[in-house]
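*Asks:* Residue numbers (the working numbering), protein chains in the order written: chain A, 5 to 158; chain B, 65 to 208.
Just so you know, not all the hints are guaranteed correct.
As the list claims (entries may be wrong) - Which residues of chain B face chain A? A few of them, derived with a C-beta cut under 10 Å, are: (1) M65; (2) P69; (3) R71; (4) L91; (5) L102; (6) F121; (7) S125; (8) W127; (9) R134; (10) R135; (11) R139.
As the list claims (entries may be wrong) - To give an idea of the interface, some chain A residues facing chain B are shown, with a C-beta separation under 10 Å as derived from the structure: (12) L30; (13) A33; (14) G35; (15) E37; (16) H38; (17) H41; (18) P48; (19) P49; (20) T51; (21) T55; (22) R61; (23) D65; (24) W69; (25) M80.
Hints listed in this document are in silico derivations from the structure and should not be mistaken for laboratory results. Owing to the predicted nature of the structure, the values given are computational and were not obtained by experimental measurement. Think of the CB as a built atom: it goes at the ideal place given N, C-alpha and C, for glycine as much as any other residue.
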Amino acid sequence: MLNQAAVGASGEPFELVVERGKIGELARAIGAEHPDHRSAQPVPPPTFLTTMFHWERLRLDSNPWHRVGMSEERGMHAEQEYVFHGPPPVAGTRLLCTSRIESITEKHGKRGGTLTFAVMVTELRDDSGRLVAEARMTGVETERAPDGAAGGAP
Amino acid sequence: MIPPPPRVFGPITRTDVVRYQGASGDLNPVHHDEPFALGAGYPAPLVVGMLPAGVMFAWASDWLGPANVRRVRCRWQAPVFPGDVLTTSGTIAREYDDGGERRVDLELVSTKQDGAVAVRGWATFVAPPTPPPLAPSTDGKESR
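In isolation and in its complexed conformation, chain B is listed as follows (with noise of 0.2 Å):
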C-alpha cells in the first residue's frame, strides 16, 4: 500500500472555523470572536484544534475508508491562525495481523506554510483489500 499524496487545506478562513464549530457544537469564543481573543492574549482567533485535526484524519478516512477506521490520537503541537495553510501527509508505520484482520498502524503529520508542526496523529485502519487510489484536491474545500 501507498499513501496518497499530501492534502492541502487553507489558507483557512473564518468562515471555515465557524462552519466547524457549528458543525462540532464547541462553540468556545477564542476561536471566532476577535475581541474575546485578542483580550485573552492572542494575535487572532485561534483556530479550534479540532479542525486541523479532523482535516488531517480525513486523509486518511479518504483513503482507506470511514468504516475502517478503529483508533485515531492526536497531540497539538503549534497554534494555527486564519490564513494558515495545512498540508497533511502520512505513513504507514506497519502492517500486521490481528485476530485474523489485517491492520495498518499511520503516523501523519500536519504542518503549517512555515514548515512548524500543528498537530501530529497516529490512526490504525483495517486495511481494505485494494485501497482505491486518492485524487488530490486543490484547496481541500467543497466550494461555497
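For reference, chain A alone in the conformation it holds in the complex (with noise of 0.2 Å):
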C-alpha cells in the first residue's frame, strides 16, 4: 500500500549543472560516440538527466520519493521519461530543478495482483526560469515479491 497523501508532495528546489566530465563519463558508459559529446561544449546523450542522483543528494528533503512508502523489496522502475523544451542543455548549463510526486494509480494485473504506480515529475528551469526540462519517473509496487521482470529499484 502507497501512501495517496504524498501525491503533490513537492521536495526543495535543487541546483544542477551540466558538466563536461560527467558528460564524457556517461557517454562512455552507454557507448554514446556521437563527436557532439566531445565538443568544445558538449551536448550530453539522452538520457544524461539520471544523474541529478548526483545533485539532488546535495541538498537534504530535495527528493519526496520516500513519502510515496515503496517497498524496497516490491518495489521497481517501471518506465522513465525525459522531455526537452529546445536542444537539451550543454555543458556549463546551470538547471533550478524541483520534484513532486505526480499521481499515485492502481491497476490489476494478470500474475501479481494489484500493481501500484507512483510518478514523480522533476522540472529543471534555467536561470531565466525557462522550463528546460521534465524527467518522470514511474516506479511500480507488487502485491507480491517480483520475479525481477523490471529494471530495479528505483
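Since each chain sits alone in its own frame, please combine them into the complex, following the hints.
*Replies:* Here's what the structure looks like:
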C-alpha cells in the first residue's frame, strides 16, 4: 500500500550544473559515440538527466520519493521519460530542479495481483525561469515479491 | 531516412555496471553487490535498468544527433544480468512537421540474446537535414 497523501508533495529545489566531465563519463558508460559529446561545448546523451542523483543528494529534502512509501523488496523502476523544450542543455548550463509526486494509481495485473504505480516529475529550469526539461520517473510496487521483471528498485 | 543497423552491447560485465552506476549516481547495491542481490532473491546482481535504456537511446542520438532529441521514454520488460548481450534496433514510426520544424518519432527495442525484450522505448527527434551514416560497432564499448 502506497501513501496516497504523498500526491502533490514537493521537494526543495536543488541545483544541477551540466558538467563536461560527467557528460564524457556517462557517454562512455553507455557507448554513446557522437562527436558532440566531446566538442568544445559538449551536448549530453538523451538520458543524461539521470545524473541528477548526484545533485539532489546535496540538498536535504530535495527528493519527495520516500513519502510514497514504496517497498524496497517489491518496488521497481517501471518507466522513465525525459522531455526537452528545445535543444538539451549543454555543458556549463545551470538548472534549478524541483521534484513532486504527480500521481499514485492502481492497476490489476494478470500475474502479480494489484500493481501500484507512483510517478514523480522533476522540472528543470534555467536562470531565467524557462522550463528546459522534465524528467518523469514511474515506479511500480507489486502485491507479491517480483520475479525480477523490471529494471530494479527506483 | 533509414535507421542504422542494430547495435550490439555486451556481454555486459560487472565493470560495465559499476562504471554506469558511478556515472549516474544510482548506487543501489542490488546492481553490483552479489551477496546483497542474492539476499534480495535475485540469481545475480541485476543490471541497472537505465544502462540498457541509455545504450538504446544512444543508438538513436548517435544517428540523429544528441542536440536534436526532444523526448525519450522507456519501459522495462525483462531483467538483465551480467553476461547478457543486448541488441538495440529501431524503426521510424512517424515523420511530420511541428511548428515548422521537421520531427521524427522512433520506436526502439533492446532485446536479449534469447529474444526477450529487455526494454522498449519511444523517442522524438528534430530530423537533421541529412543524417550521417552510422557505422555499426563491435561490442558498443570503448576499450578499457
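*Asks:* Could you run down the list of hints and mark each one as holding or not?
*Replies:* Results for each hint:
Evaluation of the M65(B) hint against chain A yields a violated restraint, the C-beta minimum of about 16 Å exceeding 10 Å. A least Cβ separation of about 14 Å between P69(B) and chain A goes past the 10 Å threshold, and the interface hint is therefore violated. At a threshold of 10 Å, the smallest CB-CB gap from R71(B) to chain A is about 8 Å, leaving the interface hint in force. Taking 10 Å as the C-beta cut-off, the interface hint given for L91(B) holds, the closest approach to chain A being about 8 Å.
The criterion of a C-beta within 10 Å of any C-beta in chain A is not met by L102(B), whose closest approach is roughly 12 Å, and the hint is violated. The criterion of a C-beta within 10 Å of any C-beta in chain A is met by F121(B), whose closest approach is roughly 4 Å, and the hint holds. With its C-beta approaching chain A no nearer than about 5 Å, S125(B) sits inside the 10 Å limit, and its interface hint holds. At a threshold of 10 Å, the smallest CB-CB gap from W127(B) to chain A is about 9 Å, leaving the interface hint in force.
Satisfaction of the interface hint for R134(B) is found here, the shortest Cβ-Cβ separation to chain A being roughly 5 Å, below the 10 Å cut-off. Because the beta carbon of R135(B) sits about 5 Å from the nearest beta carbon in chain A, less than 10 Å, this interface hint is met. Contact between R139(B) and chain A, as hinted, is supported at the beta carbon level, the nearest pair being about 5 Å apart and thus within 10 Å. Residue-level restraint check for L30(A) holds (minimum Cβ-Cβ distance to chain B is 4 Å; threshold 10 Å).
A distance limit of 10 Å between C-beta atoms decides the matter here; for A33(A) the minimum to chain B is near 4 Å, and the interface restraint holds. Satisfaction of the interface hint for G35(A) is found here, the shortest Cβ-Cβ separation to chain B being roughly 4 Å, below the 10 Å cut-off. Interface restraint check: E37(A) against chain B, minimum CB-CB distance 5 Å, threshold 10 Å, status holds. Taking 10 Å as the C-beta contact cut-off toward chain B, the hint placing H38(A) at the interface holds, the least distance being around 5 Å.
With a cut of 10 Å, the hint placing H41(A) at the interface with chain B holds, because the nearest CB-to-CB distance is about 7 Å. Contact between P48(A) and chain B, as hinted, is supported at the beta carbon level, the nearest pair being about 7 Å apart and thus within 10 Å. Annotation: P49(A) was flagged as interfacial toward chain B, and the flag holds, the nearest CB pair being 5 Å apart, inside 10 Å. Hint status for T51(A) relative to chain B: holds, with the closest Cβ pair at about 4 Å, below 10 Å.
Taking 10 Å as the C-beta contact cut-off toward chain B, the hint placing T55(A) at the interface holds, the least distance being around 6 Å. Taking 10 Å as the C-beta contact cut-off toward chain B, the hint placing R61(A) at the interface holds, the least distance being around 7 Å. Because the smallest distance between the Cβ of D65(A) and any Cβ of chain B comes to about 18 Å, over 10 Å, the interface hint for this residue is violated. Because the closest C-beta pair between W69(A) and chain B is about 12 Å apart, greater than 10 Å, the hint is violated.
Using the Cβ-Cβ criterion of 10 Å, the hint placing M80(A) at the interface with chain B is satisfied: the shortest such distance is roughly 8 Å.
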